[in-house]
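**Q** As you go down the protein sequences, you meet chains A and W in turn. Taking the numbering used here, the leading residue of the first sequence gets 1, the next gets one more, and so forth. Taking the numbering used here, the leading residue of the second sequence gets 1, the next gets one more, and so forth.
It is worth saying that the hints were derived from the structure and are not from the lab. A couple of the hints might just be wrong.
Pairwise CB distance ranges (calculated) [to be verified]:
| # | chain 1 | residue 1 | chain 2 | residue 2 | range |
| --- | --- | --- | --- | --- | --- |
| 1 | W | Glu139 | A | Asn64 | 51 to 57 Å |
| 2 | A | Val268 | W | Phe250 | 42 to 48 Å |
| 3 | A | Val268 | W | Pro246 | 26 to 32 Å |
| 4 | A | Val81 | W | Ala93 | 48 to 54 Å |
| 5 | A | Gln275 | W | Glu497 | 56 to 62 Å |
| 6 | W | Glu8 | A | Leu214 | 51 to 57 Å |
| 7 | A | Asn64 | W | Ala93 | 22 to 28 Å |
Residues from chain W shown here face chain A by an in silico Cβ test under 7 Å; the list is partial [unchecked claim]:
| # | residue |
| --- | --- |
| 8 | Ala27 |
| 9 | Leu29 |
| 10 | Val30 |
| 11 | Leu33 |
| 12 | Gln37 |
| 13 | Leu39 |
| 14 | Ala47 |
| 15 | Asp50 |
| 16 | Arg273 |
| 17 | Phe274 |
| 18 | Glu277 |
| 19 | Trp376 |
Glycine residues also receive a C-beta, built at the ideal position from the N, C-alpha and C atoms.
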Amino acid sequence: MSRDGYTGFSRGEARTRTATSLNFETMGPLRRLVKLPWGFILLIIAMALTGVAMLYSSAYTNPNEHNLWYLQLTRFGISFVMMLVLAMLPLSWWRTLALPAYAFTVLLLVLVIVMGVTGGGAQRWLQVGPVAVQPSEFAKLATTMALAWYYDRVITPTSGRVLIHLGALAIMIIPAALIFKQPDFGTTLALIASAGVIIFLAGLSMRVILVGILAGIASVPGIYFVLADYQRERVDTFLAQLSGHATNALGESYQIEQGLIAIGGGGVNGKGFLQGIQSQQDYVPEQHTDFILTVIGEEFGFIGTTALLLGFAVILGWAFYSASQSQSWFGRLASAGAAATVAFYIVFNVGMVIGLLPVVGMPLPLISYGGTAMLTTMACFGLILSAHMHRDEKLSSTGII
Amino acid sequence: MSRNRSIEDDFTRRMIIAAGAGGVVWAGLVARLFQLQVLEREKYQAAAEDNHIKLALAPPQRGRILDRFGKPLASHRRAGRVSIVPEQTRDPAHTLAQVAALIDLSDERIERLAGEITASRRRNAGFVPVVVANELTYEDFARMNVHAAEIPGVQVEMALTRSYPRGRDFAHVLGYVARASQDDLERLSVGMEADEAKRLEKLFRHPDMRTGRQGMERFAEEYLRGKPGFRKLVTNAHGRVIEEIPDDRFAPVPGKDLYITIDSDLQRAVIERFGEESGAAVMIQVDTGDVLAMVSTPAFDPNDFVNGISGTAYAELRDNPRSPLYPRAHGGVYPPGSTFKMVVATAALESGAVKPTDRVNCNGYYHFGNRTWHCWKKGGHGSMDMHNGIKHSCDVYFYDIARRTGVEAIAAAARKFGFGEAWTLGMTGARGGLVPDPEWKQRVMGEPWYEGETLNFGIGQGQLGVTPLQLSLMTARIAAEGRSLKPHLVGLGPQSEEDGILDQPLDKDIIDIMRSGMYGVTSEGGGTAYRSGDLGLGGPRMAGKSGTAQVRRISKAERDKGIRKGLNIERELRDHALFVAFAPADNPKYACAVVVEHGESGSGAAAPMARDILRFAIENDSGRKPAYGQTASVTPAGQGEPT
């Protein structure tokens with residue numbers, strides 16, 4: 001892919017381009033737009049259009065769903081414009097917005113519990129006029145921004161003590177607990193995982209991390225009993241599947257089984273666009289949302305799924321690389337955290353669909369049908385792009401609270 | 001600065017670790033996809049195939065029933081059918097109301113259909129069409145076809161339906177088909193393994209399947225049914241059919257065509273000759289035993305039964321005083337009257353108690369015990385030998401020889417002629433009638449046989465009951481000069497197993513006397529049916545014997561006044577008219593029996609009818625070589641096309 005003029009990984013080289021980056025603030029909007037890393041953006045567009053095509057394939061025969069692809073395309077268009085606007089925001093604005101956004105999201109999460117709309121056995125939705133939003137999705141980005149803001153303030157040349165990470169832990173725990181209460185186990189895990197990546201990158205002692213991991217593993221049985229019934233069922237289903245006892249053709253193991261049949265049935269080359277037997281005949285429930293990978297797997301085969309994962313790997317790899325180039329802690333951690341958020345979406349979704357993880361209800365970024373996830377994902381990319389454009393800025397601590 | 005630098009280095013190191021961990025996870029996902037899509041793809045491809053290909057039962061097409069010359073008597077007709085697909089309609093009541101505005105549907109039926117539609121939705125089988133109306137008239141079909149597009153969920157299609165193109169003509173011979181009831185299924189699955197019975201039940205649940213409920217349709221059920229096959233259907237997750245994959249290996253095997261021996265043109269001619277009269281006629285080809293006509297009239301239209309007859313329509317048939325459901329030809333039991341006299345005469349000669357030349361003097365009455373038996377001719381016939389006794393149908397002569405012969409010998413001869421035996425020939429509803437004897441009377445009525453009853457027996461009255469089919473067999477036997485005779489109704493197809501009674505040859509000399517007596521009846525001066533003997537064909541004549549079956553006992557007062565001769569009494573009280581005949585008299589080819597209910601006089605009502613139908617048979621050569629005879633030798637059974 002095009003690297004937009006970047007050819008190396010070394011920081012020395014990056015510094016030689018400082019002028020470009022510093023001048024960004026002074027450019028007009030059009031110039032700024034042109035300066036964006038268009039290779040990265042074009043890849044995002046390509047992935048999203050693939051998603052729209054798969055959506056068309058999964059739903060065009062269904063009279064109630066045949067226009068989903070169009071809706072999704074519209075949403076992508078809107079989200080895309082939003083991403084471009086966010087990309088051009090000065091990074092300091094992001095940092096300034098981090099705390100209010102976090103506070104607002106926590107407020108929304110509380111509202112969900114108080115007056116949310118129940119759907120699928122859990123209270124996750126907030127009805128705002130005609131649209132239902134899922135604040136837990138925004139929480140991922142807001143928590144990432146808040147953590148980056150926090151570390152940006154506390155990391156000093158003398159830091160490195162364990163104590164400073166306690167504040168980060170608190171920032172992570174509040175939304176995580178609220179989301180877990182909904183209950184939405186998958187999003188809670190994803191949020192903790194991406195927050196964990198930020199804390200890890202911020203330098204939490206390896207020893208503490210090791211103890212934390214061991215404690216986490218020890219608490220697994222405890223968590224099992226805290227889970228809601230449907231969540232426990234999912235875990236049971238997953239365990240039954242791992243031990244080869246999943247013969248129940250109804251409910252969740254049916255969904256997984258049919259998904260596996262679709263993906264496995266696609267073989268190496270796939271059955272071709274619109275030719276999937278499983279996909280075209282409604283065998284896989286939720287195939288336009290969380291199980292969209294089954295359509296890709298069946299119609300484009302191993303080549304298609306691998307290409308998809310490769311595309312994601314390139315996007316995320318570039319984001320990580322870009323994060324490493326940032327001169328500010330906010331830029332580094334926010335960008336890496338946003339990339340991790342998107343990465344965990346992908347891992348959880350693909351892992352679930354191909355039977356490696358329990359069913360957690362996580363969409364595939366850019367591909368699955370759904371508005372909130374699309375917005376979150378594109379906002380993450382907006383943040384990554386903004387951090388990239390302002391990578392050479394050493395944000396001063398002044399002017400913040 | 002060095003401290004700062006180390007944090008920077010640590011960050012870079014941790015970024016590389018995180019990216020590496022991500023790479024490992026990615027590799028894990030790709031590995032799993034490789035396992036699913038490359039290593040195990042065949043397993044999942046097979047599972048996908050299993051998932052969406054369903055085998056649906058395909059009912060076989062029922063074999064046709066054809067007449068002697070290959071004209072279809074039971075075949076198929078495309079009939080318009082309206083059905084509603086429950087899942088495609090929002091408001092079943094509204095949809096039904098829209099359909100009812102176009103075709104005639106009773107409120108009761110609408111209510112039942114609404115219930116069915118709701119039930120099928122509840123069962124999640126909303127894609128299985130519910131049949132609203134089966135037999136659309138051409139106008140209804142055209143109208144429905146035009147408007148169906150405007151009513152969501154309504155389907156208008158053509159389905160193959162059993163059809164009886166000859167309608168009433170063959171109602172009692174062929175019977176009819178109907179949707180299999182629980183009783184039918186139990187009957188059909190007798191002696192079957194449980195899973196075989198289950199398959200049968202499943203087959204008959206198909207809306208296009210029918211089973212023979214009556215007549216030949218029932219008798220030849222398995223021969224006609226064929227073997228079901230399968231249709232390979234591509235379905236979606238909800239079971240809705242997306243497309244059909246043609247596959248000849250699974251095609252159903254159609255049932256075989258059944259040929260019967262009847263000449264449908266002759267059958268029609270006989271029915272037309274009956275006109276408004278009720279009765280029965282059976283004609284048999286003398287040298288082969290083929291039944292050429294088998295008429296019971298009035299009859300019902302078997303087409304009405306194919307899709308289930310309504311309660312009121314059935315009640316109308318059942319309560320009709322002319323009994324159209326009654327299979328008179330083989331299930332109607334009548335006293336044979338004087339047509340039985342050949343049997344009595346044969347018994348008398350066989351027993352040796354009487355010689356043909358023995359004379360009996362008839363004064364018009366016969367005293368026995370303390371009772372008087374009357375001859376039908378008030379003044380008497382004078383001196384009678386056997387030939388004249390038959391020709392004049394002299395009752396006194398037969399009272400006398402019957403008494404001398406004895407009841408046992410007469411009953412034995414009657415049985416040799418096939419009386420007392422239910423000749424089903426593949427039909428339903430056949431009855432055997434009754435040949436009474438002392439043993440029977442003692443057993444059933446608990447009384448000894450009185451000799452006076454033998455006198456009644458001698459003129460075909462009393463407990464004796466026979467069917468028109470039995471009378472025609474008797475006549476054919478006489479026409480065939482006593483040769484053994486195997487009656488058939490099935491030309492090509494499964495044969496019914498009848499008792500071998502007519503296999504036993506009768507004495508030709510004795511039978512020749514019967515033949516000449518019957519010739520006298522129609523062709524010699526003084527014969528009771530003298531005017532009917534000429535067939536009007538310039539040569540061949542008919543030989544026959546009339547009979548009158550009393551519907552009630554004649555009182556002395558009536559006899560004195562001669563009232564029973566009149567046609568002015570109520571129809572229901574008039575006697576049945578019978579006539580048995582064969583033609584040509586010198587070289588018999590066709591034998592027939594005719595019963596005209598309440599026809600009053602055998603020679604007056606039945607004899608002309610027998611003459612006309614025999615003439616039709618001779619003129620049209622009804623007994624000529626049948627179609628199956630030509631095809632059966634060159635093609636396997638049932639596969640031959642009618643010529």
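**Q** Each hint should be assessed against the structure and marked as holding or not.
**A** Cross-check of the supplied hints:
1. Glu139/W to Asn64/A: 51 to 57 Å: About 37 Å separates the Cβ atoms of Glu139/W and Asn64/A, which means 51 to 57 Å is violated.
2. Val268/A to Phe250/W: 42 to 48 Å: Since the Cβ atoms of Val268/A and Phe250/W sit about 32 Å apart, the hinted range of 42 to 48 Å is violated.
3. Val268/A to Pro246/W: 26 to 32 Å: Hint holds: Cβ distance 30 Å, inside 26 to 32 Å.
4. Val81/A to Ala93/W: 48 to 54 Å: holds, 50 Å
5. Gln275/A to Glu497/W: 56 to 62 Å: holds, 60 Å
6. Glu8/W to Leu214/A: 51 to 57 Å: Violated - the Cβ-Cβ distance for Glu8/W and Leu214/A, about 29 Å, lies outside 51 to 57 Å.
7. Asn64/A to Ala93/W: 22 to 28 Å: holds, 23 Å
8. Ala27: violated, 10 Å
9. Leu29: Nearest chain A Cβ about 5 Å off; hint holds.
10. Val30: Status holds, d = 6 Å.
11. Leu33: holds, 5 Å
12. Gln37: holds, 4 Å
13. Leu39: It is violated, given that the least Cβ distance between Leu39/W and chain A is near 9 Å, above 7 Å.
14. Ala47: Since the shortest Cβ distance to chain A is 5 Å, the answer is holds.
15. Asp50: violated, 9 Å
16. Arg273: violated, 64 Å
17. Phe274: Not OK, violated: Phe274/W not within 7 Å of chain A, min 62 Å.
18. Glu277: violated, 64 Å
19. Trp376: violated, 84 Å
The structure fails hints 1, 2, 6, 8, 13, 15, 16, 17, 18, 19 (numbered hints given earlier, in ascending order).
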